[in-house]
Amino acid sequence: MILGLSRIWSFAGYLIASIIILPLLAIIAQAFAPDKDVFRHLFRTVLPTYIGNTICLMLGVCICALLIATPAAWLVAKCQFPGRKAFQWALLLPLAMPAYVVAYVYTDLLDYAGPIQKTLRLWFDWQTPADYYFPEIRSLAGASVVLALVLFPYIYLLARTAFMEQSASLQHASRVMGCGSWQSFWRLSLPMARPALAVGASLVAMETAADFATVSYFAVPTLTTAVYDTWLGYGSLSAAAKLSSIMLLVIFSMIGVERFARRKQQLFQKQSGPNEKSVSKLTGISAVLATAYCSLLLFFSFLLPFIILLQYAWDYFDESWNADFWQYSFNSLYIAAIVSVIAVLIGVFLIFIRRISPRTSDILPSRLASTGYALPGTVLAIGILVPFTMLDFAINDLCEYFGQQGPGLLFTGSVFIIIFAFFIRFLAIAIGSVENSYKRISPSLDMAAITMGLKPKALLGRVHIPLLRKGIFTGLLLVFIECMKELPASLLLRPVGFENLATYVFQFVSDEQLEHGALAAIVIVLVGLVPLIYLNRSLEQEN
Amino acid sequence: MSTLSIRDIHSDYQGQQVLKGLDLLLEKGEIAALLGPSGCGKTTLLRVIAGLQPVSQGELSINGVTLTGPHVFTPSEQRGVGMIFQDYALFPHLNVADNILFGIKYLDKTKRGLRLEEMLELVKLEGLAKRYPHELSGGQQQRVSIARALAYEPELLLLDEPFSNIDAKVRSEMMLEIRTILKKRNVSAVFVTHSKDEAFVFADKLALFKEGSIVQYGTAEELYTAPKDKYVADFLGSGNYIPITVKDNFRVDTPIGVLTSTTRLSHPAPYQGEILIRPQQLEIFADEQGLGVIIERRFLGNICHYQVQVAQNLYEVKSQLSQLMPGQKVHLQAQAHSLVLF
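Residue numbers (the working numbering), protein chains in the order written: chain C, 1 to 543; chain B, 1 to 342.
Just to be clear, a hint being listed does not mean it is correct.
[Unchecked claim] Taking beta-carbon pairs under 10 Å as the criterion, some of the chain C residues facing chain B (in silico):
#1 M1
#2 G4
#3 L5
#4 I8
#5 R355
#6 P358
#7 S361
#8 D362
#9 M447
#10 A448
#11 A449
#12 V525
[As the list claims (entries may be wrong)] Computed, partial: chain C to chain B, Cβ under 10 Å:
#13 L3
#14 G284
#15 A323
#16 S442
#17 P443
#18 S444
#19 D446
#20 I450
#21 T451
#22 M452
#23 K455
#24 L467
#25 R469
#26 I472
#27 L476
Hints in this document: simulated from the structure, not taken from any laboratory.
C-beta atoms are modelled at their ideal positions from N, C-alpha and C, and glycine is treated no differently.
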């Protein structure tokens, strides 16, 4: 804290924050604006179904993900069995897999013409679909399972940490009082991990609500697809904004749940006292079962889809390895690079202001700047389109007023708008990793530097930046990956003719020709694996 | 002219008064300890001096220059104070040499080199200039932080619980060593601690804090032998409070007999109150006709600690005698000293 810090710093912080919350404000403002009956029409016809589907999907995904993630987390945290060390990080791999690719692969395997049903028909001599029952993958239930397979690592990661931090002495106490290991799990470990599970589930629910590609591929209409269709189908920006604000209500209530659970989690995990790790060694049949469970989970969530992608890419390599592939890879890479650098720079700046400012209100800019991550890609895109369309029109009107030719769609028709959208959406990640790194710099270092005569800029350059290197690198990496993966915002905002890897792959998924886009999908997955491995390594080093 | 002068300083934090009107004067070359339990405001005062904490009222000057006062505020980076922190606050990305030279601005290269050598020699760390903080022991890190704070020749050195992370075995040795360094260079210093033992060893003057106020300020001896109230007396060591009646200007009546003060008493006869007698000021003798009975005995090596009952009162006594046993009848007698009346 620097007493008497110039107000210019605070002003700069507020300026940045106000640009970042512009889309959010635009959506809220549009939600109250009148529109041409599109919204009323939607409300009377399909909207209740959309809302119902969204809620059912969120519940379904959460339940599935909790059921598959909790046992895996408990096994890895508390038991010793063959392969435990590898599963510790391998079970995070599904996070790198785009859900729509997994959806495509399983549809290919499980639908009527797929190899599974074909084999069954052959074995049992069935002739038509009327002869037998087989669950339909292209359904709400199918989407729930597929999304759970990709999103369960959020719960796994948080639950694993919670289980690991539970003190061994509590465990011993319950044993001494006569609880078997199964009873200890139900009466002690699970209730204590409940807040962590709730945090994980609310993250999964948020990601589910924001998912566009999977539900769109499965033709399960939800609020997210509705926003997309309303804008591209009806061309009604204000109806899309109204739908977006309903979506925001859902998202913000999830955030509320998450915050509440996190507070409890701190309470539960603080009390655990001296942390002595207790790992019980599994033998015989239970060790085999544990290994089998984790292997199957990894196989279905990551290995199988990835192997099939490799197969596709191998078979169609010559067709896929073309100029388009290079062009779209380059588009993805350069946008991701620009966004990650800007996001980290701004992130460092905002957290720096918050740290040195003597004014308590200066916490606000970094908080506001983090709200972007809560906006699903589709909603954010609408929120950006509203003000920038107005701005573009205003510029052109102004030019025409002076008798000039207008510049056309200066903002909404260029790559700028995608960069801007990604920046807002992922700034929170940059802020988060910089903030984490900042926490480790003792405040007394600042005081020492200031009493030795350093000005704010020198404090940032000579003391903070060198010590933040790791956080800055992590932030760059994470934002970069997210930019490579982000689909809905690119779909809605891209200029005509512009493609990146995500839109390119999704195009093939929609056209039922993923074979041709498999190479691009593999690039997305591989780029996503890098930070998982890097972050896991640095986590292990800390322990 | 005093090096540091503080007049009527008030400071608020989140609507709470943390400092309630403090006064303090420090002469050139003096070391003052701010002593008190945690949360009493001593660290806050240190930060006020460094310009890291806002004040709501009062005035502060160093060498006659007002730094904090009505309509005056000199920012920390222009105050020229040195500060040493509980966690040493060494910059982990810089080696010992760069840490020590961090605060020096206007010196050419050769002079910087000379200053570095001088500082390393002063804190006995020659040859470690290229090491990084994590390669040093706690005591060595402490020395680097001292060297860093002295290298730019501050007007005043501030130390925030600098010894609390040092191993108990080497702590007093370290304190004496640093005290010698400060005295050698005639540096004025303000030092925060919650331990009376550290304050006694390290400081020339003590300011005892209680809930945001300084209860008493003076030399260690003044505070110990002539405490203003029971809070000061108890903070600096255990004591017996004996009910008395003043007989005349020098003598008081007590349950263990009449005691005579070496100085004139602060209250006239027939004042009734209590006097403070430290356990080592009481002498104990085996005596079958004595009024006291030993209730408890604790053997502490060089001395023995007794609890003696006389009438309804219990007395703590420290004595070289170790052969007395519980149940034994004894006689208590106070050494001649200046009696403190409450």
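Going through the hints against the structure:
A least Cβ separation of about 7 Å between C/M1 and chain B falls short of the 10 Å threshold, and the interface hint therefore holds. This hint holds: C/G4 has a C-beta 5 Å from the nearest C-beta of chain B, less than the 10 Å allowed. Evaluation of the C/L5 hint against chain B yields a held restraint, the C-beta minimum of about 9 Å falling below 10 Å. Nearest Cβ of chain B to the Cβ of C/I8: about 15 Å, over the 10 Å cut. The hint is violated.
Violation of the interface hint for C/R355 is found here, the shortest Cβ-Cβ separation to chain B being roughly 13 Å, above the 10 Å cut-off. Hint status for C/P358: holds, given a least beta-carbon distance of 7 Å to chain B, under 10 Å. A least Cβ separation of about 14 Å between C/S361 and chain B goes past the 10 Å threshold, and the interface hint is therefore violated. For C/D362, the interface hint is violated, since its Cβ never comes within 10 Å of a Cβ in chain B; the closest pair sits about 15 Å apart.
Interface restraint check: C/M447 against chain B, minimum CB-CB distance 6 Å, threshold 10 Å, status holds. At its closest, the beta carbon of C/A448 sits 4 Å from a beta carbon of chain B; the interface hint therefore holds under the 10 Å criterion. Among the interface hints, the one on C/A449 holds; its C-beta lies about 7 Å from the nearest C-beta in chain B, closer than the 10 Å criterion. Look at C/V525: its Cβ only gets to about 36 Å from chain B, farther than 10 Å, so that hint breaks.
For C/L3, the interface hint holds, the least distance from its beta-carbon to any beta-carbon of chain B being 6 Å, beneath 10 Å. Below 10 Å, beta-carbon pairs count as interface contacts, and C/G284 has none with chain B, the closest being about 46 Å; its hint is therefore violated. With 10 Å as the threshold, the beta carbon of C/A323 stays out of range of chain B, its nearest partner Cβ sitting at about 46 Å, so the hint is violated. Nearest Cβ of chain B to the Cβ of C/S442: about 6 Å, under the 10 Å cut. The hint holds.
The interface hint given for C/P443 is met, as the beta carbon of that residue sits about 9 Å from the closest beta carbon of chain B, less than 10 Å. Hint status for C/S444: holds, given a least beta-carbon distance of 4 Å to chain B, under 10 Å. Checking C/D446 against chain B by beta carbon gives a least distance of about 9 Å; that is within 10 Å, so the hint holds. The beta carbon of C/I450 comes within 4 Å of a beta carbon in chain B, closer than 10 Å, and the hint placing it at the interface holds.
Annotation: interface hint on C/T451 holds; nearest CB of chain B at approximately 5 Å, less than 10 Å. Taking 10 Å as the C-beta contact cut-off toward chain B, the hint placing C/M452 at the interface holds, the least distance being around 3 Å. For the restraint placing C/K455 at the interface with chain B, the shortest Cβ-Cβ distance is roughly 6 Å, inside the 10 Å limit, so the hint holds. A cut of 10 Å between beta carbons decides the hint on C/L467: the least distance to chain B is about 6 Å, and the hint holds.
A distance limit of 10 Å between C-beta atoms decides the matter here; for C/R469 the minimum to chain B is near 8 Å, and the interface restraint holds. A least Cβ separation of about 13 Å between C/I472 and chain B goes past the 10 Å threshold, and the interface hint is therefore violated. The interface hint given for C/L476 is violated, since its Cβ lies 19 Å from the closest Cβ of chain B, which is over the 10 Å cut-off.
When held up to the earlier numbered hints, the structure conflicts with 4, 5, 7, 8, 12, 14, 15, 26 and 27 and fits the remainder.
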